[in-house]
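K.L.:
In the UniProt record's numbering, the protein residues as written are 1 to 286.
What the hints contain is simulated information worked out from the structure, not anything from laboratory work. All C-beta atoms, glycine included, are put in the ideal place defined by N, C-alpha and C. Errors might be hidden in some of the hints.
Stated by the list, open to error - Computed cross-link-like contacts, EDC-like style, restricted to lysine to aspartate or glutamate with a CA-CA straight-line distance of at most 20 Å:
#	residue 1	residue 2
1	12	221
2	109	56
3	184	148
4	184	252
5	225	252
6	111	123
7	184	238
8	279	238
9	109	120
10	3	150
Unchecked claim - The following label-pair restraints were derived from C-beta to C-beta distances:
#	residue 1	residue 2	range
11	26	149	29 to 37 Å
12	142	201	44 to 52 Å
13	279	85	48 to 56 Å
14	74	48	19 to 27 Å
15	17	218	30 to 38 Å
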Amino acid sequence: MAKIGVQAMMLKQQVADRGAYDVWAQLSRIGFSVVEVSQIALTPQTRDEIARANDELGMSVAAISAGMGETGGGGNDSLRESFDKIVADCHALGSSRVRIGMLPTLALKSKESLVSFAHDAGEMARRLADHGIILSYHNHHIEFARMDGEHILDIIRTEAPDLRFELDVHWIQRGGMDPVTVLKAFAGDVDLVHLKDFRIALPPAEAFAALESGDHKTWSEHWSKIVQFAEVGQGNLDFSGVIEAGIDGGAEYLLIEQDDQYGRDIFDCLAESREHLIKIGYADLL
């Protein structure tokens, strides 16, 4: 059965301040048992703390993260430079999944460079498969730009048939596509899904005050921020449709993520997202 968990990227500061075990324990108290690790350096200490949380708290790791550039990126190890370490980390944490958070941005320079990246990622997927590990690619909105009339995400899929996908529904929406439609189109190649709501927020009172005073620069700054990351259920996405399409498409894990909390406590945001998922009928996946 598919499981719903947490993407830990937004907990990286808490891990730096308190340690992974303490943060994982708080997630457990909220009611989560599955975590995807990203932008948290898997030092020996951090890896040991996560493994201890698995053993003592019944937690598990859905996937760890890696980059394809020379230095990885975002605190993640590079598959090019640290392949053996990444495999060892997966085995130590009981995980059989690695996800690429984003392609190196220079791969977007031309279709030739994009295809080269896809071929490299496909080769990494085959190498990891030899160790019993699935490699997935996580999208943002840029993958819905077109090259020669074709979406970048579709080019990656065609050129890297051994690669699976982690589809992020917020970024699909921000890329101008319908998340449920894309999930259905990628059925059979979906391994992971990011549950992240898409909210359009009204400008705050200070934005209107600036506009009334003729301060168009401040108004424009606020206006540019009306698209927001939101707690699950606090935006406009159809999460029943998303979850059903994701599971039908082969997703094993669906991870709650919220890149910005706009001043709220991240654990409160996660608890609210969890409660909404229970409300719409997915308590058995938590």
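K.L.:
Does each hint fit the structure? Answer for all of them.
P.N.:
Structure-based check of all given hints:
1. 12 / 221: 27 Å, violated
2. 109 / 56: Given that 20 Å is the threshold and the Cα spacing comes to 47 Å, the pair is violated.
3. 184 / 148: Outside the cut-off at roughly 23 Å; violated.
4. 184 / 252: Given that 20 Å is the threshold and the Cα spacing comes to 15 Å, the pair holds.
5. 225 / 252: With Cα atoms ~33 Å apart, residue 225 and residue 252 exceed 20 Å; violated.
6. 111 / 123: This hinted pair holds, its Cα atoms lying about 18 Å apart.
7. 184 / 238: 14 Å, holds
8. 279 / 238: Within the cut-off at roughly 13 Å; holds.
9. 109 / 120: With a Cα-Cα distance of about 16 Å, the restraint between residue 109 and residue 120 holds, given a limit of 20 Å.
10. 3 / 150: 32 Å, violated
11. 26 / 149: 29 to 37 Å: Violated, at about 47 Å.
12. 142 / 201: 44 to 52 Å: Once the Cβ atoms are compared, 23 Å apart, the range 44 to 52 Å for residue 201 and residue 142 is violated.
13. 279 / 85: 48 to 56 Å: Check failed, 41 Å falls outside 48 to 56 Å.
14. 74 / 48: 19 to 27 Å: 22 Å, holds
15. 17 / 218: 30 to 38 Å: 33 Å, holds
Violated hints, listed in ascending order, are 1, 2, 3, 5, 10, 11, 12, 13; each of the other numbered hints is respected by the structure.
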